[in-house]
Amino acid sequence: MDLQASESSGVGRTYSCDTSEIALTGQSIIDSRKRLPTPDSPFVKQGAEGGCGVVGLACNIPLEGKYLLQSLVQMRNRGNGKGGGIAALGLVPEQLGVTEKILREDYILQVAYLDQSSRKQVEDERIRPFFLVDHESKVEAVDDYRSISGLEVEPPEVYRYFVRVKAEVLDDFAKKCNLSSMKRNELEDEFVYQNSYLLDHQYYSSLGEKKAFVVSHGKNLIVLKLVGYGDDVVKYYRLEDFKAHVWIGHHRYPTKGRVWHPGGAHPFVGLHEALVHNGDFANYHSIVEYLAQRNIHPLFLTDTEVSVLLFDLVSRIYKYPLEYLIEALAPTTERDFEMLPEQKKEIYGLIQTSHIHGSPDGPWFFIVARNDVEKNAWQLLGITDTSMLRPQVFALQEGPVKIGIIASERQAINAVLGRLQEDGRIPSRFADSYWNARGGSHTDGGAFLFTVRDGDHGKELECADKFGRAITLPEQDWLHGPRTDLALNVSVALQMPRKGSQAQDPLGFYEYVRPALRDAGFQYAGEILEELKRLALKGQESRRFAIQSLSLLFDRIYDTGYKKRSSLLQLYHEALNEVFSSVPVSNYDVYTRLDWRNRSRLAHPGLESQVLVVDALEFPVDGDESAARFVVDAHNQGWENILLYNLRGHRFIGSGLGPRTNSLKIDCYGDVGDYVASGIDGCELTIHGAAQDQAGQILKFGKLVVHGDVGQAFMYAAKGGDVYVLGNAAGRPLINAVGRPRVVINGTCLDYLAESFMAGDPYNGGGFVVVNGLKPSFDGRFIEQEYPYPGGNLFSLASGGAIFIRDPHRKVSSDQLNGGRLADFTLKDWELIRPYLEENAKVFGISVEKDLLTVDRRLLDPSQAYRKIEPISLQELA
Amino acid sequence: MGSLELIVEKHTERIHHGLEVLPTLKHGLPAGLGNKRWTGELILATYEQALTGELPMNGLEYKTGNSGGGFDVLGWKSHDGVAKVDEDQVDLSISLNKRGEGKKIEIPLPIYGGGMSFGSISLNFMIARARAAKKLETYTSTGEGGYPDQIVPYRDHVITQVATGMFGVREETIQYAPIVEFKYAQGAKPGLGGHLLADKVTSEVAKMRESSMFTSLYSPFPFHSVYSVEDHKKHVDWIKTVNPRALISVKVSTPTDVDMVAIGSYYAGANIIHIDGGYGGTGAAPEIAKKNIAMPVEYAIPKVHEYLVSEGVRDKITLIASGGIRTADDVAKAIALGADGCVVATAEAVAVGCTHCGNCERGRGCQVGITTTDPELSQFIDPAWGEKRIVNLFNAWSKRLRIILAEFGLASVRELRGRKDLLVRYK
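Protein chains in written order, with this note's numbering: chain A, 20 to 897; chain B, 1353 to 1779.
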């Protein structure tokens, strides 16, 4: 079988060479490692490790390390301060004190000295005899590690050597290892790899007292790590102004208690790649054996290390193109495999046969920064496991610079963009596009790659999925900054509603300006916002009008013409924040505001229907004094209208309110964190934007509206609630839901929708889920997604309730079910879901007739547009 | 009196009579009672203790079973030459919160009740357990099946369990609880989740769980929201947002890396790490799973205890063992292996008449009204009577524990912890 990748495009396109030659040299490399010493017990993991907080970014211009900081701070709960690390790829020669040539050609060998006195010996034994050192320096760090609060263990001193292998050393190596036929650069790679292995073996793994280890040795790539959080690395090693095209930041959560050095922290390196990992493997032992058969032995004994060893094996020794490499790590299985084209099935089948024992099993998500040295291309790759058990979000923004981001949480992505926007580097704190990968799938392959490479106008950033299909954005204008204060255009001012009907009717106002927002420029939008901001200051009613109008502009999907929606969102976001911040702290207004500093002034509301505006910015994201607890306190004081803004990943909003909160309304602006609306029982909670993972756990009763996507495990074990989601749900929504949840998801879900759903008889007070399978197009319409439901295990083992799925082209097939049945959609069903679709129309502007029932300009009968999936009585459940 | 009441009264009377008489029979053991682990004699000894509150005086074996393994091959070292302490002076109390923060909770005996859900057991038995827990100033757990209104009066002594199906878990049930227990796995069936077969899902059970009647209910084997320790941390943080005062218990089975699970739980804020071995479980747990998955608890306890000691956090977390703790001697052995205390469930069922017939999964399988939700059978246990029996049993156990400790010259059960040296293994 010729392992040549498809010539189509993308990831694997340039791969083409004689596979038999690869097999031969690959085997010689593997054989050459036989002479390396082996560690004592590589089969015993050093410590279990759970999930982690990860963020990676790639940009066509080099960005400073400080842009990772806020994002890492906001994900600190995902680590425990016992391991933090960064990788930087695509560096700037001047800041390293080397020439561009040296940066491109030399290996950057970085050694961490846990024991300072070992440095001379290490250099004399493992560096100077073999390498030409073109440049060397101690990696700059702050003087006193204790000046960084929370840092308890002094990080090791790291020395950086720019090296090439001496010619005679390489000749000798080739001869000794029988590798003379190998290409010179590949030989040199292997020498560096083996030399670092020997260094680590001698000075790290074989010793009770560890002395030194190689942190990284790739080209144009550095890794730094310490015992602390990822953001501590940036601060300690003074990377705030250090520039790179590709960054990865990582918090580790090792469960072992005493950690005195960062040897186990991520990232780990193969050769020209650094890998961070979130999750853990069930088959560490099996993978170690698989590697041992290829003379590869882990020395740091963590899942992450074996992951990158696998990656290096498959990419550098076996030379798989990326698509096949990903397949070797995260195999395509079940129905997704069946859905592949025949040719892919054949190749993937062979890959799986050879690699399944070395394929990590369990929940994992990798982010890899990799230097494709030959093409001088810098890559940032995110791969999710086949079951998608770890959280992951991808995002892309195009403007004066183009930037791609991968992270554990959407709020972490927005934190990076937010910092860049504040510094005027990019036009908006919102990405143009956010998405999740569907692991091991035939649709996107569960992996996305951002590549920085040379283009016609300097560096360019490309994005593609596992199959090499490019992810592109429409060409639209972004907001150019810096912006000056806009003079109010009289004509706009005259158009603004004053008194009378429209003044009380934000929706009327929205419908009025909507056509103009398509055709006019940013200037017009800016003028409208100025006027609304002015109105907000005029009086109580006009403030309400301004807030509601701005919210509509922010939440709704409409045609923005040649203007990027992300840029408009930035304008609305700023206007909303300005309006909120202008609310007085006085308690005698319809709107009253509190922030962290004034939180002790919380008192009973002075007026009926008074709105408490909470600036969440400085509140802790969780814990006893969190924003979520403040909402509980406010509600206990009698507040029935609470509006939170400046949310930055604050978790558990809506939790702790207790039973029967029927008259309470909560509005969330900013980035809500995980578990929003969990356990609510009666209240109405609106999220102006997306929700994250674990939203609506055990939701009992009430109304939840999400003007965006929701993350994983949405409404797990929910008991009820009327819920409206504008976008997609990620994996595993509504598992084990009971009672009467009634949910409209206008997008789709990745997999396992409503597994073990037990919500009684939908016609008799039970629950159901409507999936519309739509997505907003860039020109503001709701269009059909490729598949209304792409995954498997739809409604599996359900014993109650029903799924109603909009599927006019009959794409859902029974092999996606597991214990349910596709049934006729009847008039009774339509009567059941129609009120919910009408409410859905009200909250999102998705018209029942125009958007849901009209297909190819034809108005369909509901039974043609929708299908029903109902439970069947299963023997397993009897 | 209607005919149903008459039937109930007749059966109840006979059950009570049987429980009194059986331990005193002179013609050998009743046929078919018990098994090698829970021997007939052990069951009768439990009936006797539940009746009298004293250790059996009539020669019934009340210390160990006859399984040929586990606690049954562990015995006590000779205490010759040890200065005995006064039994009445022995302190049996343990702390359930050893962290420097949060509510201090101590229980006067190193035992509390394990989770058995409404649905798996009858409401009356559940109330009896809750009443006993209140009387003994200890705790019982809801299991995963909701929080019936009838046990709300005892809420200061009821642990709310949050298990993978989250059946019946609502904000108020979390807010009632002094302790919230996260059940990740059950020792009797690790990796299999929970299941309640259709027979037992009566209208009351279905109502409590908000599911459909007479349809089997499964709890998933994992929490679909928790696939790592950092997810778990977030999960705990959520519950603590709902109820900031609650102590946190993490119940897991005994996989080979249970020590790592324990340390991870500690760092994620747990006050109690509860390891559940494979000898427990009612007859509803599949036979093939019981005792056959994961590590025996007598290996797991020292593994976790010693690892927590080596990590320097042993005195900040309470280690609780469960899964087949049948007697006071089992409790003491678990503590000597390294636990702080034990969770007990089946022994309480035996106290109110369980014969180990193993028909727990059927709707009308339990002839004594314990593991049933049948409206008739479930009335066989009068809560006040059940309370008395359970309290008596634990009073008898306390006496035995005092004897063991006094003989070794230990003034407190806390001193027994980790004293493996006091145990011997029978060949």
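No lab work stands behind these hints, which were simulated from the structure alone.
Please note that the accuracy of each hint is not assured.
Some chain B residues judged to face chain A by a derived CB distance under 10 Å, without partners named [stated by the list, open to error]:
| no. | residue |
| --- | --- |
| 1 | Ser1355 |
| 2 | Glu1357 |
| 3 | Leu1377 |
| 4 | Ser1564 |
| 5 | Met1612 |
| 6 | Cys1709 |
| 7 | Gly1710 |
As a list, the in silico DMTMM-like pairs of lysine to aspartate or glutamate whose alpha-carbon atoms are at most 20 Å apart [to be verified]:
| no. | chain 1 | residue 1 | chain 2 | residue 2 |
| --- | --- | --- | --- | --- |
| 8 | B | Lys1456 | A | Glu159 |
| 9 | A | Lys722 | B | Glu1524 |
| 10 | A | Lys85 | A | Asp643 |
To list a few chain B residues with every Cβ distance to chain A over 12 Å, as calculated [said to hold, decoys possible]:
| no. | residue |
| --- | --- |
| 11 | Arg1366 |
| 12 | Asn1410 |
| 13 | Gln1441 |
| 14 | Arg1507 |
| 15 | Glu1562 |
| 16 | Asp1589 |
| 17 | Ala1620 |
| 18 | Lys1779 |
All C-beta atoms in this analysis are idealised placements derived from N, C-alpha and C, irrespective of residue type, glycine included.
Hints, verified against the model:
1. Ser1355: violated, 31 Å
2. Glu1357: violated, 32 Å
3. Leu1377: violated, 41 Å
4. Ser1564: holds, 4 Å
5. Met1612: holds, 4 Å
6. Cys1709: violated, 23 Å
7. Gly1710: violated, 21 Å
8. B:Lys1456 - A:Glu159: The hint is violated at about 48 Å.
9. A:Lys722 - B:Glu1524: holds, 19 Å
10. A:Lys85 - A:Asp643: violated, 29 Å
11. Arg1366: It holds; B:Arg1366 is separated from chain A by about 33 Å at its closest Cβ, greater than 12 Å.
12. Asn1410: holds, 47 Å
13. Gln1441: holds, 36 Å
14. Arg1507: The claim stands: B:Arg1507 keeps its Cβ more than 12 Å from every Cβ of chain A (closest is about 14 Å).
15. Glu1562: Violated, because the least Cβ-Cβ distance between B:Glu1562 and chain A comes to about 4 Å, which does not exceed 12 Å.
16. Asp1589: It is violated; B:Asp1589 is separated from chain A by about 5 Å at its closest Cβ, not greater than 12 Å.
17. Ala1620: violated, 8 Å
18. Lys1779: Label holds. Min Cβ-Cβ 31 Å, cutoff 12 Å.
Of the numbered hints stated above, those contradicted by the structure are hints 1, 2, 3, 6, 7, 8, 10, 15, 16 and 17, listed in ascending order.
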